[in-house]
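Trainee: Listed below, chain by chain, are the residues.
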Amino acid sequence: MNGETIKTLIKDWRVALVLLLVVGSLVGIYLAPPSPEKGLEGNLQFGLDLEGGSWLQMEFQSVVVAFSTEGSVGDLMEDLRTGLETEVIRIDENHIEIRKSVTRADLEPIFAQSGASIVTYQKGVSPFTADEVKRILNEKVNALGMQDARINLLTPTGSEFPQYVRIELAGVDMATAQDIVGQQGLFEIRVQTAGNETEHVLYGDQITSVGVPQKDLDGRWGVSFTLTETGAEAFREAAVESGAVDNPDAHNLVMILDNETVYSAPLSGELAGQLRSGPVRSLSASTGTGDAGLEDAMTLQIHLRAGALPVKVDIVGSGSVPAALGEQFKMTVALAGLLALLTVAVVVYYRYREPSIVIPMVAINLAEIIILLGISRFIIQLDLATIAGLIAVVGTGIDQLVIITDEVLHEGRVPSPNLYMKRYGRALGIIAVAAATVFIAMLPLALMDLSTLRGFAIITILGVLIGILVTRPAYGKIIMAILSK
Amino acid sequence: MEFARYDVNKYSPRQMVALPLVLLLLAGVLLGYTTLTTGLPITPGIDFAGGTAVTVFTSDSRETIETTFAGYPLLSVGEGIGDGKYIQFGPMDSAQYQSLVALINEKYPDSKIDQIGETFGKTLQSQAFLALIFSFIGMAVVVMIAFRNIVPAGAVVLSAFADIVITGGIMQIIGIPLSLGTTAALLMLIGYSVDSDILLTTRLLKRKGKLEEKLSGAFKTGIIMTTTTLAAIAAMWVVATAGQIQIIAEIASVLLIGLLVDMMNTWMLNAGILKEYVLRGNKK
Chain A
0 MNGETIKTLI KDWRVALVLL LVVGSLVGIY LAPPSPEKGL EGNLQFGLDL EGGSWLQMEF
60 QSVVVAFSTE GSVGDLMEDL RTGLETEVIR IDENHIEIRK SVTRADLEPI FAQSGASIVT
120 YQKGVSPFTA DEVKRILNEK VNALGMQDAR INLLTPTGSE FPQYVRIELA GVDMATAQDI
180 VGQQGLFEIR VQTAGNETEH VLYGDQITSV GVPQKDLDGR WGVSFTLTET GAEAFREAAV
240 ESGAVDNPDA HNLVMILDNE TVYSAPLSGE LAGQLRSGPV RSLSASTGTG DAGLEDAMTL
300 QIHLRAGALP VKVDIVGSGS VPAALGEQFK MTVALAGLLA LLTVAVVVYY RYREPSIVIP
360 MVAINLAEII ILLGISRFII QLDLATIAGL IAVVGTGIDQ LVIITDEVLH EGRVPSPNLY
420 MKRYGRALGI IAVAAATVFI AMLPLALMDL STLRGFAIIT ILGVLIGILV TRPAYGKIIM
480 AILSK
Chain B
0 MEFARYDVNK YSPRQMVALP LVLLLLAGVL LGYTTLTTGL PITPGIDFAG GTAVTVFTSD
60 SRETIETTFA GYPLLSVGEG IGDGKYIQFG PMDSAQYQSL VALINEKYPD SKIDQIGETF
120 GKTLQSQAFL ALIFSFIGMA VVVMIAFRNI VPAGAVVLSA FADIVITGGI MQIIGIPLSL
180 GTTAALLMLI GYSVDSDILL TTRLLKRKGK LEEKLSGAFK TGIIMTTTTL AAIAAMWVVA
240 TAGQIQIIAE IASVLLIGLL VDMMNTWMLN AGILKEYVLR GNKK
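One line per chain: the protein sequences are A and B, in this order. For the first sequence, numbering that gives the first Met the number 0 gives the first residue as 0, with consecutive numbering after it. For the second sequence, numbering that gives the first Met the number 0 gives the first residue as 0, with consecutive numbering after it.
Since the hints were derived computationally from the structure, they do not count as laboratory data. Bear in mind the structure is a predicted one, so any value in this text is a computation, not a measurement. Where a beta carbon is used, it is the ideal one built from N, C-alpha and C, also for glycine. The reader is advised that the hints may include incorrect statements.
Simulated DEER-style distance windows between Cβ atoms [said to hold, decoys possible]:
| no. | chain 1 | residue 1 | chain 2 | residue 2 | range |
| --- | --- | --- | --- | --- | --- |
| 1 | A | Pro33 | B | Ile172 | 51 to 61 Å |
| 2 | A | Thr229 | B | Gly38 | 50 to 60 Å |
| 3 | A | Glu353 | B | Ile172 | 21 to 31 Å |
| 4 | A | Asn137 | B | Gly38 | 36 to 46 Å |
| 5 | A | Leu418 | B | Gly280 | 55 to 65 Å |
| 6 | B | Asp6 | A | Pro32 | 55 to 65 Å |
| 7 | A | Arg352 | B | Ile136 | 50 to 60 Å |
| 8 | A | Asn141 | B | Asp92 | 44 to 54 Å |
| 9 | B | Ile136 | A | Glu159 | 41 to 51 Å |
| 10 | A | Arg89 | B | Ala94 | 30 to 40 Å |
| 11 | B | Asp92 | A | Glu240 | 27 to 37 Å |
DSSO-like, lysine-lysine: derived pairs with alpha carbons at most 27 Å apart [claimed, not checked]:
| no. | chain 1 | residue 1 | chain 2 | residue 2 |
| --- | --- | --- | --- | --- |
| 12 | B | Lys121 | A | Lys421 |
| 13 | A | Lys421 | B | Lys219 |
| 14 | A | Lys122 | A | Lys329 |
| 15 | B | Lys219 | A | Lys311 |
| 16 | A | Lys122 | B | Lys121 |
| 17 | A | Lys476 | B | Lys213 |
| 18 | A | Lys421 | B | Lys106 |
| 19 | A | Lys329 | B | Lys207 |
| 20 | B | Lys106 | A | Lys476 |
| 21 | A | Lys99 | B | Lys9 |
| 22 | A | Lys99 | A | Lys122 |
| 23 | A | Lys421 | B | Lys9 |
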């Protein structure tokens, strides 16, 4: 091939596009941003099994029920609350969330008793509760200064409601991971006595339930919570003794979580009055009006729970990989990839015995891998399964290049440009159908929340798409230019 | 290569389809029997049955490991090349699991541990089953649209179906468990198996020329295609098995078996049906 052919080739948009994407991918991996300290890995993102770390998969112990009733929804919810001794939340017009793992059969009688019936029954929580869980977990993880945490809500295919939450913590061992998730902070309410001095009132264990943020008649947001009898007694005592009942403004109530003040406000006049005559178990802490008030109420609600999740979760799966082992796996898969590419090169050489066919084939294959890695850097983490997918793509990639080569070289000679284009089109047709099938076959796996093999499916689909749209057309052009010299 | 000596033109369509169909039947009976006795066509692995899998690099022998974990529901100890070991445990309660983890951390601090609960395994099972069904239907639809002709399209779908069933049968016989990884490999097989079938069908039905020549031309291309894929997967299998990377080793072994099965199905079952179809068409 002389300089002239190379020039015309590069001017062909198909070839130019491949070159552009390869360069772009390399830039993405190594230069944007530059990461010389990471060596060959550049900016590639690795999954837990290659990086080291722990994962926990937890199932919400909660069900969502769609109901129909002739009577009052409030009564129904009250019956459920007392019957099941758990929190019940209204999600919308006809859905409620019952925060307990309870079977449909156990629910039926309670519904019947309240003159209602169950329309659908699903395990899981409302999106609202799910987000709250995610927010709490995030807060816990951030509080420990861990940046490399991933928290995902998972909805099984065929269900409408999130049923699991998966948390992945890089560089953390299993015991620590479980601690982080299970750990509750120390919550304390204190009352201001004189000046900056405060006195202990009660601890978080005296709080029996925490409500969701609600707006009062004046448009102020607040979070309601209930105390145990002892808690309410202690609260009253402190309020009276400190003088908060008589002069609320000088004696703020202060809420402290893990030694940090999270809320501080005076008693309301109304509550002060009630406390004079006796203990009050249902309290509400107001946070202000508007979006800011709502925001604060959300955070306060989490603090009141002291980092406990609103719904009980059970660990249904877990795992951990030590960083050293991850490093070893990384080397192994890199070796597997190289060896695969090399073996494929030997096989096609054995078949064609013509470097001018084999070199472009292998080069195009390599380009495909680089482009895939370049794209994956932005959208998925490379884990073991994803790399298996990548290697499988090397296999399919080459075999489609073989289809093009054989189709074009029919009867061992390179045909005239017209005939060439016709055959080339036919070869692409075969490949397009094959690509469409792989695409469709892997799609369910790529879309399913629960599979840990999403990466595998996504990389396979991407490989097929890049192949059919970019690299195979370019290969056709290159092989034509080389062979017709 | 032994298989390359197979002369695709030597046999009648009836002879060609006989072997694959018999194997399909046998595999179908085996999987059906397993389903009836255990509820699943193939013995499930940890992912689907629940349990704990531990990958550890140690010079301790299998016997030592068995003694160490005698108090736990130990299922198997797999050995790789070098010091890699893959230890599987059945489902256990939370207290026992905690004590197992403590023991592992004490004895083999640098090990990879994965645990799946029994009911969660069931959920994963049903999700994987859904994926398999959707994939297969999707594939069939694409093939139907591409060929718009019931016989060739049916032949492609049948041979993809045979690929999966026979591969499943072989998995059950040699003891490769059904897991998320192997299910993904089976799905990939659906995609893979189709491309040599499409090459064959396109060459036979859309090109002009003698049937024998077209068939042997397609065969030559098809074999080299599958061989290159096999080569890549074999390399992956060797390295993953040696390096004790269980998930890749499982995916690779299922793909290897599947591709070999697919060679047979494409060049005997599918080619046989197409040959008969073309020959009958010519008589009219």
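Trainee: Looking back at the hints listed earlier, which ones does the structure fail to meet?
Mentor: Hints 3, 5, 7, 8, 9, 11, 12, 14, 15, 18, 19, 20, 21 and 23 contradicted; others consistent.
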